[in-house]
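Chains A and B, in that order, are what the protein sequence lines are.
Position 159, counted from 1, in the first sequence is what the numbering used here calls 159; the numbers after and before it change by one each time, with no gaps.
Position 81, counted from 1, in the second sequence is what the numbering used here calls 81; the numbers after and before it change by one each time, with no gaps.
Hints are computed from structural coordinates only; laboratory data are not their basis.
Among these hints, one or two may not hold up.
As the list claims (entries may be wrong) - No farther apart than 16 angstroms at their CA atoms in a straight line, the calculated lysine to aspartate or glutamate pairs in the EDC-like style are these: (1) Lys267/B <-> Glu112/A; (2) Lys49/A <-> Glu150/A; (3) Lys259/B <-> Asp148/B; (4) Lys49/A <-> Asp197/A; (5) Lys211/B <-> Glu223/B; (6) Lys76/A <-> Glu38/B; (7) Lys110/B <-> Asp96/A; (8) Lys49/A <-> Glu242/A; (9) Lys259/B <-> Asp79/A; (10) Lys240/B <-> Glu31/B; (11) Lys203/A <-> Glu242/A; (12) Lys110/B <-> Asp103/A; (13) Lys49/B <-> Glu218/B; (14) Lys230/A <-> Asp151/A; (15) Lys275/B <-> Glu223/B; (16) Lys240/A <-> Glu207/A; (17) Lys71/B <-> Glu112/A.
Claimed, not checked - Quick list of simulated restraints, FRET-style, between CB atoms: (18) Leu254/B <-> Asp70/A: 19 to 25 angstroms; (19) Lys49/B <-> Glu150/A: 26 to 32 angstroms; (20) Tyr123/A <-> Glu288/B: 36 to 42 angstroms; (21) Asn213/B <-> Ile37/A: 56 to 62 angstroms.
The C-beta atom is built at its ideal place from N, Cα and C for all residues, glycine as well.
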Amino acid sequence: MNHLPQAWGRPRDDVYGAYDHSHFQTSGPIQHTQSPIVTGTSVVAAKFKDGVVIAADNLASYGSLARFTDVKRLRKFNDQVVVGFGGDVSDMQYLDRLLNSLDIRENYSSSETALNAKNLHTYLAKVMYKRRSDFNPLWNHLLIAGLDGEDKPFLASADLLGTTFTSPTLATGFGAHLAQPILRRTLPDDASVEDVDQETAVKLVKEAMKVLFYRDARSMDRYSIAVITKTGVELHEDEKLENQSWQFAEQIRGYGTQVN
Amino acid sequence: MVSPLADTSIGTGYDLSNSVFSPDGRNFQVEYAVKAVENGGTAVGIRCKDGVVLALEKLVTSRLLKAGANKRISTIDRNIGVVSSGLLPDGRHFVSRARDEAASWRSMYKAPIPSSALANRMGSYVQAYTLYSSVRPFGVTAIVAGWDSEAELPVDGQVGAGPKVGSGGKKEGQKHGGPFLYMIEPSGLYWGYYGAATGKGRQIAKSELEKLNLADGELSLEEGVKEAARIIYVAHDDNKDKEFELEMTWISSLSGPTKGRHEEVPKELREEAEKLAKKSLDDDEDEEEEKMEE
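Bound conformation, chain A alone (with noise of 0.2 angstroms):
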């Protein structure tokens, strides 16, 4: 040992070489999320013709273990408003109190006109493309889903990139490739959606989501479902997967119990 601190406690330079001290940093370079960590899955989305249905399941998972099965990824905003998330369930909470925040200055003063679901859209869309562009993204994929300035329907997408995206149905994560191909089979394109009615498109989601649960081991049978309309927003938090049908599981083949 010698009269130097920063020698002290260390391997002797003589025995085992020069001390490389790259070992001892105790800061990098500043990290940003690399991966989700706790997870909501899918959420469905349609439009009809006077307004929107949204849902999604309440299980949170960690990895592949279902954590929490009692999480509310639908949130209201307001009464022409519901916002869905899928993916990370940290900043989905985080986004929840932004928007608890942007709610309490938005009501600072009484003003006439709310904040419509196209606001809002706009508004977090522009959120996580700042985060993305600061590489530090929200890892979410949000649904908004309520009515715009015009009362009429209205459905977008933002996404952890900040890209958006509208369409008469859209589904998240899995269901992006799952759901959405059935939901387009009621709703191709914008014009379809005045021929739906309220009782279609509810039945239509509750389809979807029945779909997800049996080829989605990420998801569960319990979920959450809104229908925003001009009266206001109906979401129901606690709906079970009802008539449904594993039959379909007995033809499966090349993986599970029947491998070949």
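Starting from the structure of chain A, add chain B where the hints point.
Below, chain B alone, put in the same frame as chain A:
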């Protein structure tokens, strides 16, 4: 020569700088700030059984101002409102600070600020302006009204319910929340009140409030709205100020009309309350005339 101010301690030099005591223990700058409040339009707050009402006599300073615009009662958080009397810009700064306090409480504790905590923080803030020679005290007295939720609130951003069993420090049947009313003066002094009044007509307003027996906790919110309107009308001095607008906000319980939120009293109810207020004024005048005749 005898100074015209010889019989007061004013003009002895102890009133020229903030935070300086006079030999008999007064801070004149604060007392002058109170004078500024005494010139403002009357503001009233009533704590009712199932909510709180705020009312303000908004003196019309110009015919060029749009009627009903330029609101003076402000929302701090969803469940808290503030009305102030005195220097208007000081009132706005007070509101701005209160909003910051409410927001910072939310970001720290993930829950709305309790009315008592807001009053405490704003009391401390106002008091700090009596301590330094580089600032002057607030020229406002503010009435803070709040309804603290009686329901168990989720933490902001909470998405699930958590375990249904286990510890949590909860007491069965414990009562939470309710209506709250505080008044903060330029000195930083604040008390909780059943009924509070400040501004020009505060003396009349206070004596009217005392007649309501608010401590009994029997007055309903809707009666409170009507009383508040009547008191503003009674306290208004027709001789000095010709015109005024009545501004009123309220906060009800979760089961009430505003669902625990601070909102403007709906136009219909306000107009009805104003009609009743005017009527009761007319009736009083008639009675007085009858007495004179006797």
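Hint by hint, here is what the structure shows:
1. For the suggested pair Lys267/B and Glu112/A, the alpha carbons sit about 13 angstroms apart, so the restraint of at most 16 angstroms is met.
2. Distance hint between Lys49/A and Glu150/A is fulfilled; the C-alpha atoms sit about 13 angstroms from each other, no more than 16 angstroms.
3. Between Lys259/B and Asp148/B the alpha-carbon distance is near 11 angstroms, which keeps this suggested pair within the 16 angstroms criterion.
4. For the hint pairing Lys49/A with Asp197/A, the CA-to-CA distance comes to about 6 angstroms; that is within 16 angstroms, so the pair holds.
5. Restraint check for Lys211/B and Glu223/B: satisfied, since their Cα atoms lie roughly 14 angstroms apart, inside the 16 angstroms limit.
6. Note on Lys76/A and Glu38/B: the hinted pairing is violated, with a Cα-Cα distance of about 45 angstroms set against a maximum of 16 angstroms.
7. Taking the CA atoms of Lys110/B and Asp96/A, the gap is near 11 angstroms; set against the 16 angstroms cutoff, the hint holds.
8. For the hint linking Lys49/A to Glu242/A, the alpha-carbon distance of about 25 angstroms lies beyond 16 angstroms, and the restraint is violated.
9. The hinted pair formed by Lys259/B and Asp79/A meets the criterion: a straight-line CA distance of about 14 angstroms does not exceed 16 angstroms.
10. In summary, the hint linking Lys240/B to Glu31/B is not supported, as the alpha carbons are separated by about 23 angstroms, beyond the 16 angstroms threshold.
11. For the suggested pair Lys203/A and Glu242/A, the alpha carbons sit about 11 angstroms apart, so the restraint of at most 16 angstroms is met.
12. Between the alpha carbons of Lys110/B and Asp103/A the distance comes to roughly 15 angstroms, so the proposed pair stays at or under 16 angstroms and holds.
13. Under the criterion of a C-alpha separation no larger than 16 angstroms, the hint pairing Lys49/B with Glu218/B is consistent with the structure, at around 6 angstroms.
14. Annotation: proposed proximity of Lys230/A to Asp151/A holds, straight-line Cα distance about 7 angstroms (limit 16 angstroms).
15. Between Lys275/B and Glu223/B the CA atoms are separated by roughly 14 angstroms; this keeps the pair inside 16 angstroms, and the hint holds.
16. Using a Cα cut-off of 16 angstroms, the hinted pair Lys240/A and Glu207/A holds, with the two alpha carbons roughly 12 angstroms apart.
17. For the given pair, Lys71/B sits about 14 angstroms from Glu112/A by alpha-carbon distance, which is consistent with the 16 angstroms threshold.
18. A hinted range of 19 to 25 angstroms for the beta carbons of Leu254/B and Asp70/A is consistent with their spacing of about 22 angstroms.
19. Separated by about 43 angstroms at the C-beta atoms, Lys49/B and Glu150/A break the suggested range of 26 to 32 angstroms.
20. Between Tyr123/A and Glu288/B the Cβ separation comes to about 59 angstroms, which falls outside the hinted range of 36 to 42 angstroms.
21. For Asn213/B and Ile37/A, the Cβ-Cβ distance of about 58 angstroms falls inside the hinted range of 56 to 62 angstroms, so the restraint holds.
Checked against the numbered hints above, the structure violates hints 6, 8, 10, 19, 20; every other hint is satisfied.
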